[in-house]
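Chain by chain, the residues run as shown.
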Amino acid sequence: MKKLSSEGVISPIWNWKITAVSFSLLIFVGFLAISFGPVPLEFQKIIRTLCGLPGGLTGQERTLLIDLRLPRALLAAIVGAALATSGAVYQTVFRNPLADPYLLGAAAGAGLGATIAITSAGADLYSLLPIFSFFGAILAVLVSFFISGKFFAEPNSLLLSGIAVGSFATAVQTYLQQRNSSSLRPVYSWILGELTVANWEKVTWSSIYIFIALTILITVSKQLDGLMLTDEEAYSLGINPNRLRVIAVIAATLATATAVSASGLIGFVGIVVPHLVRGITHRVTNRGLLTIALVGASFLVLADLGARTLLSPAELPIGVITAFVGAPFFLVVLRKKRLVAK
Amino acid sequence: MIKVEDLNVRFGQKEILKDINVEIEHSKWTCLVGPNGAGKTTFLKALLGSQSYSGSITDSGAEVYGNHNRNVAFVPQHPQIPIGMSVSEYVMLGRSKRDGWGNESKKSRTLVADILKLTGLFGMLNQFVSQLSGGEMQRALIARALVQEPTLILLDEPTSALDLHHQIAVLNNIELLKERGVTIVSTMHDITLAAMYAEKIVVMQEGKVLLSGTSDFVIHSPELQVAFENRISVFTLDSGRPVIVAKKDLSN
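Listed in order, the protein sequences are those of chains A and B. Quick note on my numbering: the first sequence kicks off at 1 and runs consecutively. Quick note on my numbering: the second sequence kicks off at 343 and runs consecutively.
It should be emphasised that the hints constitute simulated quantities derived from the structure, not laboratory data. For each residue, glycine too, the CB sits at the ideal point set by N, CA and C. Treat each hint with caution, since some may be false.
[Unchecked claim] Chain A regions said to be covered by chain B (calculated; three or more residues, Cβ under 8 Å): (1) 220 to 230; (2) 276 to 282.
[Claimed, not checked] Below, a list of computed lysine-lysine pairs in the DSS-like style, where the Cα atoms sit at most 25 Å apart: (3) A:K17 with A:K222; (4) A:K222 with B:K449; (5) A:K222 with B:K590; (6) B:K370 with B:K356; (7) B:K448 with A:K17; (8) B:K520 with B:K459; (9) B:K520 with A:K222.
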């Protein structure tokens, strides 16, 4: 929001405090995630270990931190940022506050691509999973476009065809799982969403793809404001709306596909986080997108902490936690919107 | 001078604009009139450069299609209302082309404050555009066009859905642009208002230009009756100002 300074000039105040608070929250939640668990780690020792100072963690505790908790928390943060940001971008591009990576068929397509990779080549091919997922996701989105026949003209018909394509992709995925019963278990646990197999290799490749996607999205985030206007207005303000939509959808789909292939299907992050941030910043475009990425990262790190500790020493699939929190939240948002509409 | 030569626009098999040849003078107000479906809005989009066409539209010698070097403001009839955007941010969008998206120079911030005062929106600068009334939204659109400092402004039915008081307020705001040397092209369903403000009127029907000329010439020409299928009557007030009203009997 802008305020007026004494000279009658609109002050260029974007609330950076919100972004700063989101960043601090992520750091705080990150430290919580790496220190809590069945084996609690001392906060000071974690800091000393991370800074390479003497007096840090040693032996098994060090391995627990460096090889298990740290990559897991980082992966949760990366995936959370990717899902939340792409959810916000889909909502802007398709002018539908309920659009998320799952409604367009992108996530189901990514899931199908990853299932093909796991069932045909084995779960060892982690570095190829994003490629399979990406093409699965892109194919699903393209088919959704093709079926709706209207490209960006009628966002709601696109969403409906996205739901149909998503269901079809899920059906094919289930068929493949049943045919390859030997890989049923890894595929199933992956579908539920899991970060348990997080390792540095997975963190590295997923962060590369997601970094590229998010850099593109943050770069065009200010222009995304233009997509909230009519195409002619956007054009007159120097934007090529269709080109911007294609760039945004490709980048958001890459982020979704990588997130899905890294951690399985984790629902509701793409809807809950943008709505949560919108409640504070009122917008999901422009500089709000960076806040959404940070809050999305915190949200999933926290959800993963819950998944690890609630039934400790057993683990809950993280998708269960996000749905447990997300579904009621989603219903509250819907109810609130209906009341406002009345 | 904007020169439109043999302009044709098709949507699939449907011809929307057919062989249009018109010249639009710079720093003048040209108004497109005609019944619904005449192709006025499509013509505006072609002038903007966002609508593909065959034939030629040149602005000071340069073809307009896809030409982002021009600074053209567009005021739609049915704007999309952005969620969570304040009036000042909305008006500030008009500076995006000059400052770059999301950047706001101090000059722009001063200009936006001035224009908000000029258009009577200063008191609601922190209000969301989604909370504005129809008349206030129209003023916000005009304000955004003003801060854009365009060379050409295209307005699609800028006075539709406004009461008379707001119609005059909005049209006076548009006149401010003309005083600054901006070329204005608008569509308007109220021909009386068109004759009152525009220097030139272009009458369109079924994608064609029936006639164009000075407001006075067009208002009194028989082709205007043809365009509206003899459903209008033209009266002249004592002041010499023409008034065009719809005939009650539609059997003609």
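Hints and how they fare:
1. 220 to 230: Per the Cβ count (8), the hint holds.
2. 276 to 282: holds (count 3)
3. A:K17 with A:K222: 18 Å, holds
4. A:K222 with B:K449: Holds. K222 of chain A to K449 of chain B sits at ~20 Å (cutoff 25 Å).
5. A:K222 with B:K590: Distance of about 51 Å is beyond 25 Å: violated.
6. B:K370 with B:K356: 32 Å, violated
7. B:K448 with A:K17: 22 Å, holds
8. B:K520 with B:K459: 19 Å, holds
9. B:K520 with A:K222: Cα-Cα ~31 Å, so violated.
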